[in-house]
Amino acid sequence: MKLTPDQLHIIEISPGEKIFLEGAAGCGKTTVGVEWLLFLMAQGVPASSILLLVPQRTMAKPYLEAMQIPGVSAGGFVAAMTMGGMARRMVDLFWPLVADQAGFARPDLPPTFLTLETAQYYMAQIVTPLLSQGLLDSVVIDPNRLFSQIIDNLNKAAVVGFPYQEIGERLKGAWNGEPEQAHIYEDAQQCANHFRSFCLEHNLLDFSLQMEVFTRRLWHLPPCRDFLNHTYRHLLAENIEEDTPVAHDLLREWMPEFESALLIYDTDGGYRRFLGADPQSAYSLKEQCTSQACFTNSFVKTMPIEALENDLSEILNPESHKPAHRSENIPKNQSDPRTALAHGFFRYYPEMLDWIAGQVQELVQYGLPPGEIVILAPFLSDALRFSIMHRLEDLHIPCISQRPSRSLREEPVTQCLLTLAYLAHPEWKDSYPLSKFDVAYALMQAIGGMDLIRSQLLSEIVFHPRKNVPQLTSFSIINPAMQERITLQLGDKYETLRLWLEAYQQEPPQELDHFICRLFGEVLSQPEFGFHTNMKSGEVTANLIESIQKFRWVAGDQLVQAGKSTGLEYLEMVRQGVIAAQYLRSWETDINDAVLISPAYTYLISNRPIEVQFWLDIGSRGWFERLYQPLTHPYVLSRHWETGRPWTDAEEISASQDTLARLTQGLLRRCRQKVYLGLSILGEQGYEQHGPLLSAFQRLLQQWQTEGEM
Amino acid sequence: MNYQLRPNQKDIIAYQRGRMGVSAVPGSGKTWTLSYLAAEIIANGKLKDNQEILIVTLVNSAVDNFYQRISQFLDQRGLLPQMGFRVRTLHGLAHDIVRERPDLVGLSDSFQILDERETDFILQEVCQAWLNSHPEAVEAYLDLDQDESYLAWIRRDKLPMLLQETTKAFIRQSKDYRQSSEKILAQIGRLPVPLPLAEICLDVYTDYQRALAYRGSVDFDDLTRLALDALEWDNHLLERLQQRWPYILEDEAQDSSRLQEKILEKLTGNDGNWVRVGDPNQAIYETFTTASPKYLLNFLNKPDVIRQELPDSGRSTPSIIRLANYLIAWTRTEHPVEAVRDALNPPFIEAVDEDGQGANPPDQPEQIHLVLNKYNPDEEVQAIAQSLARWLPDHPDETVAVLTPRNLRGFDLVDELHRKNIPVVESLLRSSTSTRISANTINILLNYLSDPQSSNKLAHLFKETHPIKGVDPPTRQRLEHVAELIRKCRQIEEYISPTPVRDWLQNLAQNGEDAQTVEALEVFRRQVRRWQMGILLPIDQLVLTVGQDVFSEPGELALSHKLAILLRQSSNLHPQWRLPELSGELRQIAQNERRFIGFSQDDIGFDPDKYKGQVVVSTIHKAKGLEWDRVYLISANNYDFPSGIEGDQYIGEKRFVRDHLNLPAEALNQLEISLSTDEYHWYQEGAASQAARLDYARERLRLFFVGITRARKELVVSWNSGRFGECQPCLPLLALSSYWDRTRGIEE
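Chains as they are written, first to last, in the working numbering: chain P, 1 to 710; chain E, 1 to 748.
Rather than coming from a laboratory, the hints here were simulated on the basis of the structure.
Quick caveat: nothing in here was measured; it's all calculated off a predicted structure.
Keep in mind that a hint or two might mislead.
As the list claims (entries may be wrong) - Below are the DSSO-like pairs computed for lysine-lysine, each with C-alpha atoms no more than 27 Å apart in a straight line:
hint, chain 1, residue 1, chain 2, residue 2
1, P, 172, E, 183
2, P, 436, E, 457
3, P, 550, P, 429
4, E, 488, E, 457
5, E, 294, E, 262
6, E, 158, E, 183
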């Protein structure tokens, strides 16, 4: 790769330097990071002594790809991890040293690390009884989101670095509404306290406890420090503005120990603020470095895009707007922002989607690779994702969606497997009344070549919930005319499945994940069955098995002690939506050259410059607002908010305006050629849309119109 | 602009700032004038960047009407048509305010607003559960002097509904007072005497709110209350919104509620710009809602309010105007119940000056028919149908409507008109036609998919997706033939999913069926297979998939998108629901047990002039704002229009409740008492029921007034003796009839 002199200068800076590199998106910082890493290794530095610290695992991708080049990665592997990953690894390694002093009830027993899902499960177990006692009764929210907000609060306390006992007080101090409502924060605190006590009592470590044990205890223990200092001699910290204050604190103390370091800071970042990101504390690390560099030239933006960014910024953020530097020598027609913007305004939402699909088709026909197009929305509802993908697939344009998979209870394959699990476990009869529809849809998927009509005919005859016990009867006792309608071939396959389920019932009960493994391996994946050579079904089955396993490892022992079935408990949690098992795997495996459909923030964080962006639904307020959650608050629970200071509408608006300005700027800095705006006056739900981004563009268009007339 | 403003309109358009109240009469062009005023303010450059005029009106159809008119006026002035204003219903405005800062009122950003059907369903469940656990509690209110089997039926079938009706009114009013159940309970605890009905309602209120919170949802009353809370709690938010909306124009202000007034009062501040326009004589939404014309009347009388009138109306013939004015005058001076004489108020309606625009239709006093013949309900329907059958052929270019006080009477008439092959438009009785048709199409599809082996349902689906209306006769014949072939296919799997040895369509082709029919069946088969595969998708995605296949109009597609999201919400709320239940949910939409914002032209506004030569059947409520050449006002008896005199009957007083008590009214009275700080304000059983009779009589007088003022040229009013044959003509009809006999329309 050809590097600029500035980039080369950083890479070849004398060894032992600790460099702080800042710059806006698209100015070549990550390229420098990759080359710096390769240069170190080329100098004989063992890869295993290099720590690559990223705020989110996906951000390590360019580095990991670079190291896949044969011969690059000598001397082990570069440790690419997040601070959370490191915390978990250290706690696991040094558990005996820390368990007792951290307050765990059974330091003699190993720790159990909770995933987000299993934490959610325990939170549900702990908080549900409190809710029925009237706690949090004035909060209007569905219980699953309530649980996740309490978890989020604990996580914020851990990554911002304040005692979790202060959550309620901090939130209450900022409350600016009806005073009587403030008690909800005390209730939220109570829930957090109960959860934490439960975790300590049972050696359970959710993310917050992992971080706290690591940063507040282990980090101060010499054996742990020695281990880390000895293992990692070089540091590359990417996108430090997206990391949390405790991560920055730790780096601040750790920096003197590294032989060399490169800290990369995106000047306009901070998009993960809702997860505790703190660009301000990140920037303070600059002082820790021996050398500082700042890149200003974009490799991405064209002049019209730059002019568009400039004009939009003037409207969105007039006070802090700094006109971008434009060369005097460039003819105006080459930097005309109007050439970088197209728009389609419609009354109805689907009209807008049609327009977008049509524009994408045209671009692709003119030779733009689909992988150079991204469709962005503030939120990506299932209906939207489905609608847009459906339209593009109809036009034979490959597309992928950068959003976690459907939740488990919506995945047809999962539903098929769980229905078969209910049928194989008659002892679960009271928990869920299976309907003939569930059975018909399961048979339709499980048996190769089974259509809806025959599966419905079959299930109506063979499925008998007797005394509530779901049962399948034999195909052989059906009258011959009906057998013929269903066909003997399908009947044979049905019998194979039924007999397998029957045989399973005769055996001692097995764990649910084992049951599904066997069902998949012995029947469903076999020739003539529905999952045979169906990769998607295999993937979903694997996800499901993994999710059940994790659940069992964490909660199994306790459930067994309580006389409950782990499998049934898992099914119940899936049904209630507590466990969603949304996997990122599907989109992590890149489909090359496909149109990307993504929520705007997810795209920003993935750091991927692109030729053309579609901004969909620009009337939506989602472009402007943070996620409003009544029990948590990203700004109030940050380091920069003084406890007791009320959070007013003025703060809210200023934060939202800043967010919108940053978001649009971030997007434009990742766009090379053109932005297409899609608007429907009536939004997805039929409400009229009047969001600030729409107003800004209306003003911009009006301004251009006036300029054009002058 | 070619339109010449009338002097009264000029006075209103000249508005500059401050508070102004306009009292208008039916047909005086309120919406037009208000739209014109909005366009004037925008065109005069009184708004800064990011400022808008806020227009608040009553119903969704009016929202679009305003949008179109203002945009048209702006367009004529060379301005961007959609900019500078926002039109909202109260609920729409409340939604906008709460959406600004949901966290401020304890909501997450994904909060749901449940519509009335869903909240009724929740309330019904809560009431039933409450009755199950307190079977004796309501006994004290029953008329126990009945035989046991009758009482058992009442307890089983009627009591839950009455409890639901009572608690619904109680909860709504409590929310209007912004009182939680805990607060009211604390107040009741301080009172020396028990208020048993209020206590029952409070129990239900508590459970109902818990059920909403569990769903992460609010109802429309919560939404309004929370909007005001947000404005009161955060001054910065209030200031920001005041800055955004420097002018507020309120239409239909006679139906304003306490909370609506408070919200607009807050938004306009002490010296803000607020124009309220309404006709207090058309306030017809008051019973057990929180709306009242008193807010507009009080506003008009405030010293700092510029008071204007729009008394001239070009709508009706002089005879009809005289009749309407006589109703006002008679009510104010001669109504036998003095307490209701304030139901109707001046201004009287004035015909438009001859030199002005839009002069009234020429007088036809002979076309006023105030029919005093005693009909039973069936006879009345027959008589109207016969009259229409005579009238329609002679008036193909005129419009006609039959207005009824209640839906049920309208449906009876619609059935009769269908029997007589008289073209009838019933969309005002139900949800709008195309909303219904679109929902119905998807419903038929889901219904088939839940029973895929049914050839009848598949044939029905084919017909639904291949309408024969407007196609040429050969195509029509072929489509009917294809549908018939499908219906006769006994083993439908052999058509949709054939095997190599059993292929119904192949057999058909081999047996000489014509190629076009086979082709149509083949295309349909491919579609059906796609839909059958879609069955495994979540419901929203299934609906989106089929919607793409069966609809082509943008409005229909948008509707299917909305239906998809609605069904997804229902499915999340009821995870055990499968296709039959979800299809049932859609059926409710299709049959109009559930109204929601639609997307079609019909939903946007009803234009009577599009239905010349057809009979529009509507309730009087739905006919508000509309006009027809000939109007029939039926059922004008003392049950539908009681006057507060001896012998009148009241819909709110159930026969099985003792002492003619109106339980919702009594419950509301107990609520008032519990919140009152006046120590001499105590509960006296029955007083509220009596007062409710008078309130109802007032509202019904206004409803009668609205009914007769829908007519441009011809008016027929009739009555019937009711289900039990006990009813009499209502007093207003008798009064008008006597006036008409005396004067034949010549002013006295």
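Residue 550 of chain P paired with residue 429 of chain P [C-alpha distance capped at 27 Å]: Given that 27 Å is the threshold and the Cα spacing comes to 25 Å, the pair holds.
Pair hint residue 172 of chain P and residue 183 of chain E, alpha-carbon separation not exceeding 27 Å: With Cα atoms ~22 Å apart, residue 172 of chain P and residue 183 of chain E stay inside 27 Å; holds.
Given pair status - residue 457 of chain E, residue 488 of chain E, alpha carbons within 27 Å: holds (11 Å)
Pairwise hint evaluation, residue 457 of chain E against residue 436 of chain P, where the allowed Cα distance is 27 Å at most: holds (19 Å)
Pair hint outcome, residue 158 of chain E versus residue 183 of chain E [Cα-Cα no greater than 27 Å]: This hinted pair is violated, its Cα atoms lying about 30 Å apart.
Pair hint outcome, residue 294 of chain E versus residue 262 of chain E [Cα-Cα no greater than 27 Å]: holds (14 Å)
Hint 6 from the list above is the single one not met by this structure.
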